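**Q** Those sequence lines, one after another, are chains P and D.
Residues 12 to 456 (the numbering used here) make up the first sequence, in order.
Residues 475 to 625 (the numbering used here) make up the second sequence, in order.
Treat the hints as calculated values from the structure; they're not laboratory data.
These figures come from a predicted structure and were not determined experimentally.
Idealized CB from N, CA, C, for every residue including glycine.
Certain hints may be false.
Unchecked claim - Okay, the calculated beta carbon distance ranges per label pair:
1) D/Ser510 x P/Gly349: 49 to 57 Å
2) D/Arg593 x P/Asp214: 28 to 36 Å
3) P/Asp214 x D/Gly509: 32 to 40 Å
4) P/Arg254 x D/Ile585: 33 to 41 Å
5) D/Ser510 x P/Asp214: 29 to 37 Å
6) P/Gly318 x D/Arg616: 19 to 27 Å
7) P/Gln300 x D/Ala592: 46 to 54 Å
Claimed, not checked - Calculated cross-link-like contacts (lysine to any residue; reagent style SDA-like; alpha-carbon spacing at most 25 Å):
8) D/Lys595 x P/Pro262
9) D/Lys595 x P/Leu257
10) D/Lys595 x P/Gln242
11) P/Lys50 x P/Arg434
12) D/Lys595 x P/Pro306
13) D/Lys595 x P/Asn240
14) P/Lys131 x P/Phe207
15) D/Lys595 x P/Asn260
16) D/Lys595 x P/Arg301
17) D/Lys547 x P/Asp284
18) D/Lys595 x P/Ser305
Claimed, not checked - Here are some chain D residues the structure puts well away from chain P; computed CB gaps all over 12 Å:
19) Thr505
20) Thr507
21) Arg536
22) Ile589
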Amino acid sequence: MNTRFDMMLPRRQTILGGVALAAGTAAPAAAQLTIDMTKPSFEPVPIAIVDFKGDKVGADIAGVVRNDLQNSGLFRSIAPSTFIQQNIDPNQPPRFPEWRQIGAAGVVVGQVTTAGGNIKVDFRLWDVVVGQQATGLSFTSQPNNWRRLAHIIADAIYKRVTGEEGYFDTRVAYVSETGPLGARVKRIAIMDQDGFNNRYITDGRSIALTPRFSPTLQEIVYMAYGERNEQPRVYLQNVDSGRRELLGNFPGMSFAPRFSPDGTKVVMSISADGNSDIYQMDVRGRALQRLTNSPAIDTSPCYSNDGTQIVFNSDRGGTQQLYVMSASGGGDRRISFGEGRYATPVWSPRGDFIAFTKISAGSFGIGVMRADGSGERMLASGFLVEGPTWAPNGRVLMFFRQQPNSGGRAGSVTLHQIDITGRFERQVPTPTDASDPAWSPLIPQ
Amino acid sequence: MRMIKALTAIAAMFLIAACSSEQAAAPATTTVTPGSVADFRQNVGDRVFFDTDQSTIREDGRATLGKQAEWLKKYTNYQLTVEGHCDERGTREYNLALGERRANAARQYLIAQGIPAARIKTISFGKERPDPVGSDEAAWARNRRAVTALQ
Numbered sequence: 012m013n014t015r016f017d018m019m020l021p022r023r024q025t026i027l028g029g030v031a032l033a034a035g036t037a038a039p040a041a042a043q044l045t046i047d048m049t050k051p052s053f054e055p056v057p058i059a060i061v062d063f064k065g066d067k068v069g070a071d072i073a074g075v076v077r078n079d080l081q082n083s084g085l086f087r088s089i090a091p092s093t094f095i096q097q098n099i100d101p102n103q104p105p106r107f108p109e110w111r112q113i114g115a116a117g118v119v120v121g122q123v124t125t126a127g128g129n130i131k132v133d134f135r136l137w138d139v140v141v142g143q144q145a146t147g148l149s150f151t152s153q154p155n156n157w158r159r160l161a162h163i164i165a166d167a168i169y170k171r172v173t174g175e176e177g178y179f180d181t182r183v184a185y186v187s188e189t190g191p192l193g194a195r196v197k198r199i200a201i202m203d204q205d206g207f208n209n210r211y212i213t214d215g216r217s218i219a220l221t222p223r224f225s226p227t228l229q230e231i232v233y234m235a236y237g238e239r240n241e242q243p244r245v246y247l248q249n250v251d252s253g254r255r256e257l258l259g260n261f262p263g264m265s266f267a268p269r270f271s272p273d274g275t276k277v278v279m280s281i282s283a284d285g286n287s288d289i290y291q292m293d294v295r296g297r298a299l300q301r302l303t304n305s306p307a308i309d310t311s312p313c314y315s316n317d318g319t320q321i322v323f324n325s326d327r328g329g330t331q332q333l334y335v336m337s338a339s340g341g342g343d344r345r346i347s348f349g350e351g352r353y354a355t356p357v358w359s360p361r362g363d364f365i366a367f368t369k370i371s372a373g374s375f376g377i378g379v380m381r382a383d384g385s386g387e388r389m390l391a392s393g394f395l396v397e398g399p400t401w402a403p404n405g406r407v408l409m410f411f412r413q414q415p416n417s418g419g420r421a422g423s424v425t426l427h428q429i430d431i432t433g434r435f436e437r438q439v440p441t442p443t444d445a446s447d448p449a450w451s452p453l454i455p456q
Numbered sequence: 475m476r477m478i479k480a481l482t483a484i485a486a487m488f489l490i491a492a493c494s495s496e497q498a499a500a501p502a503t504t505t506v507t508p509g510s511v512a513d514f515r516q517n518v519g520d521r522v523f524f525d526t527d528q529s530t531i532r533e534d535g536r537a538t539l540g541k542q543a544e545w546l547k548k549y550t551n552y553q554l555t556v557e558g559h560c561d562e563r564g565t566r567e568y569n570l571a572l573g574e575r576r577a578n579a580a581r582q583y584l585i586a587q588g589i590p591a592a593r594i595k596t597i598s599f600g601k602e603r604p605d606p607v608g609s610d611e612a613a614w615a616r617n618r619r620a621v622t623a624l625q
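Generate coordinates for the entire structure from the input sequences, incorporating the hints supplied.
**A** Here is the structure:
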């Protein structure tokens, strides 16, 4: 039963995991420990997460799991102070009636053991309603990886309850903003999805904007000015080594870069004589292919999840609208037809939706439409909301909100996440003002 | 950039000196060195403004750029960078493109007025460098601009 498979992480991080813990029969999920997040309304699943036993990091791990699940909007983490059963044995079924009494649909228990310089974390999710184990897994890694282990456990619980892949073991690249608006310092930063482990990727001596991850998370592409405000260009940077290189040296500005889903290409805009068109570059060989050739502004390109198409915005029809073309260029067709201007389209990693920024009647909104342009729905609006980015499961978006400036002072700029029903929005904590979020794929295990 | 700041500071000192000695608002034209960056900014005007989401040079902008061209033909020692800017009411990437378009429109106008193309570079700042900072129509109108910077 305990078939062990090892998943090597690139570089220092190693997580041995996914070991199923032997338990009772795999029962079909009970109604109360499942949730259909696409339904128009639902109650968050009440879940009790008990501090993991065996090591003091066990309480920290449980805290991260609680925070992840609560922040998804799909779960309600029951306060540990209300738990009736104390000193629960992580290897024995909990006393279900005592958990039913406090309204829990699920109970998560776990233990931490240390061996050979590693920590091993076992956890089980018990379905309180049917009185059976719903899932149980074991992971081994270096002790300093405990936050990742907690996110991986939260992902496993999320998947068991929602039927969707989780998104907690991910990172977010964004632009950290400090200083007065007229001389704003903008640095690329990367943090865990929950706002922890924040670190800076650029030094702030030049304006850096619009970071985007490669599929392996090992590189980012972004646009940056020179240190004396020379022509902005697209750079490719290794996240760990910090080594960066120009992605093509063109006389005009290059901007709005984004990786193809397989990481072999970067699509971007390049301007010449004031006009911006879309090009794609082979990352390895640096061959450049022109994809649009219009006197309009063609920018913000993004590949479809299968890499065969590109959605972008263009004002070729008079106002900014969304268009889809073949990833080799051609076959352009307009997909946005509502009131207002459409911008920053991003194709869902699942392929079903395209999220966008919409400007109409003096206000900004974040919305989604199906990939053919039908079924437009607005999720969030405000004085300025911009730049949606998808969680890898295609069910949650992150974007930024800017408040109006007043009295010569900058309004706050903050990151927010929202589910695609638009029901649940929350601010994502960052150490400074923050914009241009880019959600990573799941971190490779 | 630093050079420009220093010259602006010197120009400001001249202004203060002029005001305190004459006890009146003396015309600025008398206080700056002809052919200086301060002269260009104060007596010619270093910026032109655009309508929302537009990059067409307006009537007032044509007048300013015409004066710029005259001045630049007289003082040929400067290289120029035309900076294109936008208000905050657009998305970042589109505004970078729109700023580039505005800078290029001003550049083309100067070239048509006889300034050699080789003297004029362009750069777009999109909505990254507002001047003034504000979130009302008056501030946005001033931010939709192309600024001719001298080097």
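**Q** Hint compliance check: list the failing hint numbers for this structure, sorted ascending.
**A** Failing hints, ascending: 6, 7.
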